[in-house]
Each structure stands twice: as C-alpha cells, then as structure tokens.
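Please work from the sequences and hints to get the whole structure.
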Amino acid sequence: VRAKHKEVCLHKDSPLGETILECYNCGCRNVFLLGFISAKTESVVVLLCREPCLNVNALKDMNWDLSQWCPLIDDRCFLQWLVKIPSEKEQLRARQISAQQINKVEELWKTNPDASLEDLEKPGVDDEPQPVALKYEDAYQYQNVFAPLIKLEADYDKMMKESQSKDNVTVRWDIGLNKKRIAYFVFPKEDNELRLVPGDELRLRYSGDAAHPAWQSVGHVIKLTAQEEVALELRASQGVPVDVNHGFSVDFVWKSTSFDRMQGAMKTFAVDETSVSGYIYHHLLGHEVEVQMVRNALPRRFGAPGLPELNASQVFAVKSVLQKPISLIQGPPGTGKTVTSAAIVYHMAKQGQGQVLVCAPSNVAVDQLAEKISATGLKVVRLCAKSREAVSSPVEHLTLHYQVQHLDTSEKSELHKLQQLKDEQGELSSSDEKKYKALKRATEREISQSADVICCTCVGAGDPRLANFRFRQVLIDESTQATEPECLIPLVLGAKQVVLVGDHCQLGPVIMCKKAARAGLAQSLFERLILLGVKPIRLQVQYRMHPCLSEFPSNSFYEGTLQNGVTINERQSSGIDFPWPVPNRPMFFYVQMGQEEISASGTSYLNRTEAANVEKIVTTFLRSGVVPSQIGVITPYEGQRAYIVNYMSRNGALRQQLYKEIEVASVDSFQGREKDYIILSCVRSNEHQGIGFLNDPRRLNVALTRARYGIVILGNPKVLSKQALWNGLLTHYKEHECLVEGPLNNLKQSMVQFQKPKKIYNDRRLFFGGGPGIVPSDNFGSAASTSPNADRRGSRARAGAYMPPGPPNGTHKPGVHPSGFPMPRVPLPPFPGPQPYAIPARGAVHGPVGAVPQVPQPGTRGFGAGRGNGGAPIGSHLPHQQGTQQNIGTIGSSFNFPLENPNSQPSVGGPLSQPGFVNNIIGPRAESNFP
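Using UniProt numbering, the first residue of the sequence shown is number 1, and each one after it goes up by one.
None of these hints come from the bench; they were simulated from the model.
Certain hints may be false.
[Said to hold, decoys possible] Straight-line Cα separation of at most 30 Å, DSBU-like style, residue types lysine-lysine; simulated pairs:
1. Lys122 <-> Lys515
2. Lys435 <-> Lys255
3. Lys324 <-> Lys135
4. Lys756 <-> Lys734
5. Lys734 <-> Lys616
6. Lys417 <-> Lys437
7. Lys158 <-> Lys110
8. Lys748 <-> Lys616
9. Lys386 <-> Lys267
10. Lys440 <-> Lys379
11. Lys255 <-> Lys110
12. Lys166 <-> Lys515
13. Lys122 <-> Lys104
14. Lys180 <-> Lys255
15. Lys158 <-> Lys180
16. Lys434 <-> Lys386
17. Lys350 <-> Lys324
18. Lys180 <-> Lys417
19. Lys84 <-> Lys12
20. Lys417 <-> Lys435
21. Lys758 <-> Lys718
22. Lys515 <-> Lys151
23. Lys616 <-> Lys718
24. Lys267 <-> Lys515
25. Lys440 <-> Lys255
26. Lys417 <-> Lys386
27. Lys158 <-> Lys223
28. Lys179 <-> Lys386
29. Lys255 <-> Lys223
30. Lys515 <-> Lys158
[Stated by the list, open to error] For each label pair, taking beta carbons as the anchor points, the in silico distance ranges come out as:
31. Val56 <-> Gln749: 33 to 41 Å
32. Arg76 <-> Val510: 18 to 26 Å
33. Gly690 <-> Thr19: 28 to 36 Å
34. Tyr543 <-> Val364: 18 to 26 Å
35. Arg195 <-> Pro464: 23 to 31 Å
36. Leu177 <-> Val45: 55 to 63 Å
37. Val45 <-> Tyr543: 53 to 61 Å
38. Asn63 <-> Glu570: 54 to 62 Å
39. Gly575 <-> Gln749: 23 to 31 Å
40. Ser207 <-> Thr257: 27 to 35 Å
Just so it is clear, CB atoms sit at the ideal spot from N, CA and C, and this is done for glycine as well.
Here it is in structure tokens:
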C-alpha cells in the first residue's frame, strides 16, 4: 500500500500459475479494484474491476450475475484460491514478521526504496523522539522538546508533497479579472494522501511537442469545486500553451513557511524577555504561580452591539475572561463560541489597551470570527497570506489587500497607477518596482495601525507585515485544532492576556507524521493547560440540534451539562414527509450487513451496500421536500466519500444535478459545520479488522453533532458494538425504538444482538501513559533540560526547584470516563471569591500593564512580573516600586463588581442561572444511562 504497488503477478507455483491479475473487460490491474464473479454456464471465474466495469450496462446483459461480485482482497488478505496460505509446518520454518515491522519497512521505502528488515535493526532507524512533557524547566527545554517534532513533521510533509504528482492531466484555460491565466483540471482526492486547500502552490508542467516548447509555471490554488476540479492561478502569463489541453503534469510545491514560523516563535519565546508577560511565560511552562486578576473596570452589560443577546453561561464566560490573564473557554457544538469570542474581543478593544489580535488555525474560522467582530462596529483588518489574496472570501471587504486597493488618499492614486502598469506589462522597471513596494508597505502599515482588531491565522501571525506590532491581548479560536507551537506564533507578539477557545472533546490538530504524533505533537496547548489544572469555562446552551439529537452527546461527552436553547417545535420541519420510525424523534440507526472493501488507493475503505442505501435515503429526503443544500452526507473514510459521490451521480433515481448539489464530505472536514439533515455512513463491517479510527470518541462526537433537524446513521451493529462508546450509542437508539432495518417505506425495529464491548478506548492525545484506567505517567512529568543554555539562564532561574515532585495540582482519580477520556485531576478551588492576592514583582522595571505604554527595558521573568515592560496583568496604571515585592490592591475585596446574576457561582450542569467553571473537565455523572 505505502509503496503504491497495485499490480500483482501470481507466483509460478500458485494454482493459477504465473498470471497477471487484470480486469476481463478493461484490463485494469489495480488489485484493490478487482473482484470476481462465477460464470453461470462455465466452470470459470471472471475478473472485473469495481469501477467502472461492474456498472457497465453491456456486461449486465451477459450471462453473469454481477450482484455476486466479490473483491479479491478480503480481511486485508488475498483470497486463498489465489494465494495459498502456507501450512503451519512451512510457517514454522519461515522468519516471523509482525505487521508492525512490515509497516516500518514500508515507511522506510519512502526514503530508501531498497530498505529491508535488516535496516530496522540499524542504530537510529527506529528511535522515537523525546515526548512532550506536562511541565518544562524553562523555554530552552521547551524548545528542545518541540523543535525536533516540528522538524519531523516538516520533513514528512515535504517528502509527501514532493512525492505527489499527477501525469496526463487535462487542462481547460481561462483568464481571471486580474488578467492572470487560470488553469482548471481535476485532481481526485482519492488518488492522493494530501489535502489540497486554497492557497497551496502547484507546478503545472508540459513536456513539449513538435509545435510547442517545454513549459512550466507555478501557481496558487484559488478554488476547489465539489466535482474535485482545481482552479490554479498562474504567476506568469507569458508563454502559456493555451491551445494545448492534454498531456500536462501537476506537482506539489512544498513551502516551509508555517514550520519556519513555529520554530521562530519558540526561539523568540526563549530569548526575548518581552515576547510574553512573566505570568504567561511561567503559566505556559507549567510552573506554580499565584493567581492574578486583571484590574479593569467591567462593562455594565456583557453583550455587544450587532450580536445576539448572550445567555447566562456566555455572560459568565465574558465576565471571567476580562478579569484573568489566561482563560480557556470550552464551547461544545452549537453553543455560540464565535458570538462569545466576538463579545470578548469587543470589550477588550474598548479597554484601550491597544489592538487585539484574533487568530484561529483555519482560514474559515478566522473569516467567521472577523465577520462577527466587524458586526459590533469595531474596525477589523483581516490579514491574508499573499498566496490567498486571489481566493474569494465572505469577508473580502475586511481584507488588508482589499482595503489597500480602495484607500482614498493621494498616495493611493499613485499606488493604483503603478498597480495598473504592473498588471498590463507583467512587471515594472526596477525603480518603479521599488517605489511600488515602498508605497504598498506604507499603505498596509497605515491601515493595520488604524484597526481595532487584526484577524489572521495562527501561522499568519508570523507574517513579516506584523513584525513590529505588539499585541497585549490575544484570542485564539479553535485552539484545540492547532498544535502547541502553532498557538505560540501569535502569543510571542507581546501577549499579557490570552484567551484560548476550543473543545478538547472534538477532533484535534492533524499531524501527518505518526512518530511526531506519538510523541505528543497532536496534543494542543488547550489540552495541556487542562492537564495542568486550568479549568475551562464551559458554554452550556446549544442552539443547533433538535433536543433528542443533543441528548446522547451531552450525556456521553459533556456530563449531561448541555442545555437546549431550541425547542422541539423549533426543530420540526413542516411539510417534510420523511418516514422517521418514531415521528417525534427525527433519528434512526439503519442496520447494514454489507461487507467493507478496500478502496482503489489501498489506503481507505468503502461499503457498497451502505452507499446504495445512502442514495435511497437522499432520494427519499429530496422527494419529501428537502432541498439539496439542507442535506450533508458524512463518512470517516475518503474511499467511501468518493464512492458515494460516483454512485449517486450514476444511479440516483432523480435528476443527476440534484445529487451533484449534495455535499458529501469526511467527518473530519465537517468539524465546525452544520446541515439540517445528516446521513452518516460508518463503513466498517468485518470479522477481524475492528473499526479503525471510528474508535476515537472525538470523531463520533463531531459526527453526531452536525445535524440540526435529523440524523440517519448507517452501520453494522455487530461490529460497532464491540467498542464501549458505540455500544452505548446503539443501546440509546434501541431504547428509543430507533434501531431499525428493512426497506425505507417499511422500517421495523431490529432484533440484532450486540457484541460485548471490549476495553474502553484510551485517547492518547489526552492520556499518554499506560492502558485504560492508568493515570498519565512520566511522559507528563517534568523532564530535565538538555539545553546547552541551561547553565546560562541567569535571571530566569528561580531559587529552589521549579517543580515539586509528585503530580501537579493534587492527585489523579483512577479510572476513565465512560466515553474514553481520562478522568481529571482533583480540581483547584473554583472561581476565586473576595480575598486578597499579592502580585510579586522582581527585577528591573515592573509596573502594571495599564493604558500608559512603557518602553521595553531589560527585565526578568519573575513570577507575576512582566518580561521587561510589564509586571502585573493589564489594568489601570498604578505606582510600583522597582525590584520589590508588594501587594497591588486586594483583588476581590477592593474590586467588587456587580454580578448580573447573584447565582453566578461555579456549577456543573446546573440551571441556566448557574453558569460557571466546570470543576470536573470530564468526569462521572451523578446519573447515567450509559453503560
């Protein structure tokens, strides 16, 4: 599979002799596509490929029963009549090789095609990198742990991208509004292991012919269509062979920008005293620091103009965040994370502490947040990567490049003239180019400096255009989908107040290199801070799902704390006549027994029975009055996604265009999205292989929480019920008479027997050490610094040990949560009451970070002290003696803010009048109907 060898010639001693396996009809030799049928009148078998020949009408007229087609590969092995399994005696004589060894050799083949099993025994080949820790002695040690992991991921990403190329590509040509050439071509997702996104660089090549010279050009992806067509805007428009449409090649162009910026951020974190405040510095490294509060006058109301009214848990979140230097907000699905984040940013911007930096790992999330913040009336600048400036965006009017083009000043007219000249001629003279760049830089700086809020991706925060900016207040949305070094990029621009928004019960960052993921690169900063004892403030009211759809996710992933902000009546579709088994519960699990098959790539799975039934369900929805844009089909496997798209367009009972308008996507890509109706195809159905990454509770959580009005799940209960969480889901559906089988127009309750669930899944991204029920082990302990600079830490060193022995913040509770997440540590006391807190300061210049900016001067990273130019958290300007330790007010007693709600005390799952911190991040419920 990894070597991408898909053709097989049988051994000469095999029952069929030295035969090359190929399709009888079209000659296809991809063994992952091949299957066989028995000819009725002859004692022979015929090999046919699954696509397209199994669906060719001419073959259906022959004397073959195509419904009896079976794949040549079953349970990841060739059928025995093709490749005989050696006898036990023969196996004893052979060298025993484990599946793990095979995987490792195949991984080696990517860099060394001649690698053998002997190479695995060479020193350094199988070494695992140092795993991430829970605490770090200093930023040098932090850098020493994370830098090799980022390099591993960068090297792997480079190797994967540079090995991906596609030949014999057919291109159609167009010209964009900016007069640049655009090439359109199909680049199937199924054929490559990499996700293509707008902004990616590709190289388009033509080898040349008698009439055309060889040509190549690099361009940026500006659009991806549902039909897997890529729009590539070329950098250079000269010499493009526009009269040629066939015979092109496409290569990925690897860019190191994101990895370089992560490495740069870690270096800045270590060497620059002013990169973050002392409090943030020690907090991020896991050091014990006294609680600090931000001294700012709180607003009378916590909502913001242009946004919906906040509920009590959202008000509590905004109020708490504005008073703390570092905060985590957990936003379960549909709870209004974006609105809450926008309200926080609005109040931060109104405090007069300078510009607020707002980031997220994905461009889609940044755009959504920028739109919401802009609605409050704040001046927002959306900073895009230069490679994405041609990509259409819902917030085009907020982007920096758009504002530069539409700025009405005298400099602008000159810039506009030069831009026109450049577009017409393709390039400028060296003096004009220099002038153009200087004018453009000055205009960009002017616009950026006049903004209240700057929005960009986490990696985008490392853009050179922000190099001289300082941001005291930083909010990162979707922070649980970013790696820790990625989150660090926006933080090292001077952060003194940090807000991380996310949900660690949903999918985390995507790490391509398994070695780096195993070492902990897939764990987000949000998760590590939770494991350190920082309690997230959980939003508790969901506005997305029909109440019956939120019941299981709430009980299984959020301890039953999710409350419904929508009623049953608000989630009932009038005029939609769909055959729900229980009319007032728009959900059912449709029992499927069809076998899984390996997809054409050999790296994924599909299930033809489920795909056929997905088409029937989609058709029933469409006939009942649902429009295509309301339906989403999701599946964990790329092979199934591609097969469903082809199957529906080929076999759909209604107009083909209707099926093309329906979005079919992977579960992972649908995180953060929603549709009125969701159809989930589980795919896995086998005897021995298990359920793969359906095991991950986070993936199930995402899949179950995308629907607003109704959900249909297709799967094999016998296979899925072996896993505890799926067993609970199936039991839940069965108890509510929603586990059904039979034709859609006559669904009956299924009597299928469930398997006894195996051990609880242990999600390694939150829970590294040991097996189920074991507390996190030494991987999360404090690691010794191997930094060459360890003996030169100077003012960063503290008298005594940084980290006392034993687990931080109390002891662990043994056991695991029913959904497979680890139990939390014993929590710290809840939200602080009225009691004094001393804020110590030490070193050169330490004053509170008030509205009065201070020139950075050499300082130290004291406990609560600032790093050079600030000590106490953001607040009003107070006198403070140099190099001493003193109280700065008594926070709580001298700063009693009026509570909008007298019951705003910490609570877990209380009524709406009692929002608060979640003491047990993930813990046992008082009542549970979940086994």
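Against the structure, the hints come out as follows:
1. The hinted pair formed by lysine 122 and lysine 515 meets the criterion: a straight-line CA distance of about 17 Å does not exceed 30 Å.
2. Between lysine 435 and lysine 255, the direct Cα distance comes to roughly 28 Å. Compliance with the 30 Å bound is thereby established for this hinted pair.
3. In summary, the hint linking lysine 324 to lysine 135 is supported, as the alpha carbons are separated by about 21 Å, within the 30 Å threshold.
4. For the proposed pair lysine 756 and lysine 734, the alpha carbon gap of about 15 Å is at most 30 Å, so the pair holds.
5. Of the pairs offered as hints, the one joining lysine 734 and lysine 616 holds, with about 23 Å between alpha carbons and a cut-off of 30 Å not exceeded.
6. Proposed proximity of lysine 417 and lysine 437 is supported: the alpha carbons are some 13 Å apart, at most 30 Å.
7. At roughly 12 Å between alpha-carbon atoms, lysine 158 and lysine 110 fall within 30 Å of each other, so this suggested pair holds.
8. Taking the CA atoms of lysine 748 and lysine 616, the gap is about 17 Å. The hint holds against a cut of 30 Å.
9. A hinted pair counts as satisfied when its Cα atoms are at most 30 Å apart, and lysine 386 with lysine 267 qualifies at roughly 25 Å.
10. Only pairs whose Cα atoms come within 30 Å are accepted, and lysine 440 paired with lysine 379 is accepted, the gap being roughly 20 Å.
11. Restraint check for lysine 255 and lysine 110: the C-alpha separation of about 20 Å stays at or below 30 Å, so the hint holds.
12. A C-alpha spacing of about 28 Å is found between lysine 166 and lysine 515, which places the hinted pair at or below 30 Å, so the restraint holds.
13. Taken as a hint, the lysine 122 and lysine 104 pair is honoured in the structure, with Cα atoms around 13 Å apart against an allowance of 30 Å.
14. In summary, the hint linking lysine 180 to lysine 255 is supported, as the alpha carbons are separated by about 22 Å, within the 30 Å threshold.
15. Under the criterion of a C-alpha separation no larger than 30 Å, the hint pairing lysine 158 with lysine 180 is consistent with the structure, at around 28 Å.
16. Straight-line distance between C-alpha atoms of lysine 434 and lysine 386 comes to about 18 Å, which keeps the hinted pair within the 30 Å bound.
17. For the suggested pair lysine 350 and lysine 324, the alpha carbons sit about 16 Å apart, so the restraint of at most 30 Å is met.
18. Distance restraint check for lysine 180 and lysine 417: the Cα-Cα separation of roughly 18 Å lies within the 30 Å cut-off, and the hinted pair is therefore satisfied.
19. A C-alpha spacing of about 12 Å is found between lysine 84 and lysine 12, which places the hinted pair at or below 30 Å, so the restraint holds.
20. Between lysine 417 and lysine 435, the direct Cα distance comes to roughly 12 Å. Compliance with the 30 Å bound is thereby established for this hinted pair.
21. A C-alpha spacing of about 13 Å is found between lysine 758 and lysine 718, which places the hinted pair at or below 30 Å, so the restraint holds.
22. For the hint linking lysine 515 to lysine 151, the alpha-carbon distance of about 11 Å falls within 30 Å, and the restraint holds.
23. With a C-alpha separation of about 23 Å, the suggested pair lysine 616 and lysine 718 falls inside the 30 Å cut-off, and the hint holds.
24. The suggested pairing of lysine 267 with lysine 515 holds, with an alpha-carbon distance near 23 Å, which does not exceed 30 Å.
25. Taking the CA atoms of lysine 440 and lysine 255, the gap is near 24 Å; set against the 30 Å cutoff, the hint holds.
26. Of the pairs offered as hints, the one joining lysine 417 and lysine 386 holds, with about 20 Å between alpha carbons and a cut-off of 30 Å not exceeded.
27. The suggested pairing of lysine 158 with lysine 223 holds, with an alpha-carbon distance near 23 Å, which does not exceed 30 Å.
28. Annotation: proposed proximity of lysine 179 to lysine 386 holds, straight-line Cα distance about 17 Å (limit 30 Å).
29. With a C-alpha separation of about 19 Å, the suggested pair lysine 255 and lysine 223 falls inside the 30 Å cut-off, and the hint holds.
30. Distance hint between lysine 515 and lysine 158 is fulfilled; the C-alpha atoms sit about 15 Å from each other, no more than 30 Å.
31. In this structure the supplied range 33 to 41 Å holds for valine 56 paired with glutamine 749, their Cβ-Cβ distance being about 39 Å.
32. For arginine 76 paired with valine 510, a C-beta distance near 24 Å keeps the hint of 18 to 26 Å intact.
33. In this structure the hint that glycine 690 and threonine 19 lie 28 to 36 Å apart at CB holds, the actual value being about 32 Å.
34. A hinted range of 18 to 26 Å for the beta carbons of tyrosine 543 and valine 364 is consistent with their spacing of about 19 Å.
35. In this structure the hint that arginine 195 and proline 464 lie 23 to 31 Å apart at CB holds, the actual value being about 26 Å.
36. Restraint check, leucine 177 to valine 45: a C-beta distance of roughly 57 Å satisfies the suggested window 55 to 63 Å.
37. At about 56 Å, the CB distance of valine 45 to tyrosine 543 agrees with the hint of 53 to 61 Å.
38. For asparagine 63 and glutamate 570, the Cβ-Cβ distance of about 57 Å falls inside the hinted range of 54 to 62 Å, so the restraint holds.
39. Between glycine 575 and glutamine 749 the CB atoms are about 27 Å apart, so this pair conforms to the stated range of 23 to 31 Å.
40. Remark: the range hint 27 to 35 Å for serine 207 to threonine 257 is upheld by a beta-carbon distance near 30 Å.
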